[in-house]
Amino acid sequence: MRPRRPRLGLLALVVAGLLLIQPAAASAAPLLPPANGVLDYQLGGAYAPASSVTIVDRDRTDAPAAGRYSICYVNAFQTQPGESAAFAKRHPELLVTRADGKPLADPGWPDEYLFDVSTAAKRTALLAIVGAWIDGCAEDGFDAVEADNLDSYTRSGGRLTKSQALAFATLLTARAHRSGLAIGQKNGADLAAAGKGTVGFDFAVVEECQVYDECAAYTDVYGRQVYEIEYTDNGRSAYSEACAAQGRSISVTLRDRDVVPRGAPGYVNRHC
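Its first residue numbered 29, the sequence shown is counted upward by one per residue in the numbering used here.
No lab work stands behind these hints, which were simulated from the structure alone. There could be a bad hint or two in this list.
[What the hints assert, rightly or not] Within a straight-line C-alpha distance of at most 30 Å, the following computed DSS-like cross-link-like pairs (lysine-lysine) qualify:
1. LYS150 with LYS130
2. LYS130 with LYS190
3. LYS224 with LYS190
4. LYS190 with LYS117
5. LYS150 with LYS190
6. LYS117 with LYS224
7. LYS117 with LYS130
8. LYS150 with LYS117
[As the list claims (entries may be wrong)] Between beta-carbon pairs, the in silico distance windows are:
9. GLY186 with ALA113: 36 to 46 Å
10. GLY129 with SER268: 29 to 39 Å
11. ALA57 with GLY169: 14 to 24 Å
12. GLY129 with ALA153: 15 to 25 Å
13. GLY186 with ALA292: 22 to 32 Å
14. ALA272 with ARG187: 17 to 27 Å
For glycine and all other residues, C-beta sits at the position ideal for the given N, C-alpha and C.
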């Protein structure tokens, strides 16, 4: 006797059961910025990029650039200028404080206060705020996040530590990846290995690595996924040296220090 053909209803149940016991598919890896792409660093204000530009980096309050790989700048470890007083009023417990109880400002950016990432509870509370900004980047259509001021602990007068900064950064990378975004390490050459291997950063946006002889620290870890920015107030020689040394393998950009929009006095934007 030939075996009977299984009834369709039973077959459907068997197939459904097999599907249920299969492991869930891993979420797709985020899209990374093009290696050695032409970066337009527009933190001082959005404007239409040149046709040669393949990557645009803008503040989270601006819209992403249509048709370009778009990076969303997030001040992830400090308050944003113009928002510091309001943040201090709403969340005084989430800021590093001085001996007199006032918020501790970044010496180089006195209108930015340092986030207090010293405890797990504070990191969780800050994630609710900064994580919402990251989610907003995804909702607006950005492809990636640039998380600035990872190295704020070096300006905390010993109130914060490297391990605390890395712990918060790990929360941020998980949040970005959950939202489908790549996330880049910003500066902190001594953190590159941990940033890639432990935290999970996907690429690096680095300022003045030629000036401080740090570029290899990033490229040794991130390979061609490094986006270097040199500034005109250091003179043009650092940019020229960077182009000669690594301009064929990574993205090298020259910008004015204030990264003003095209057409504004002092605007400089070069790429090699």
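Which of the stated hints cannot be reconciled with the structure, identified by number in ascending sequence? Of the numbered hints, 6, 9, 10, 13, 14 do not hold.
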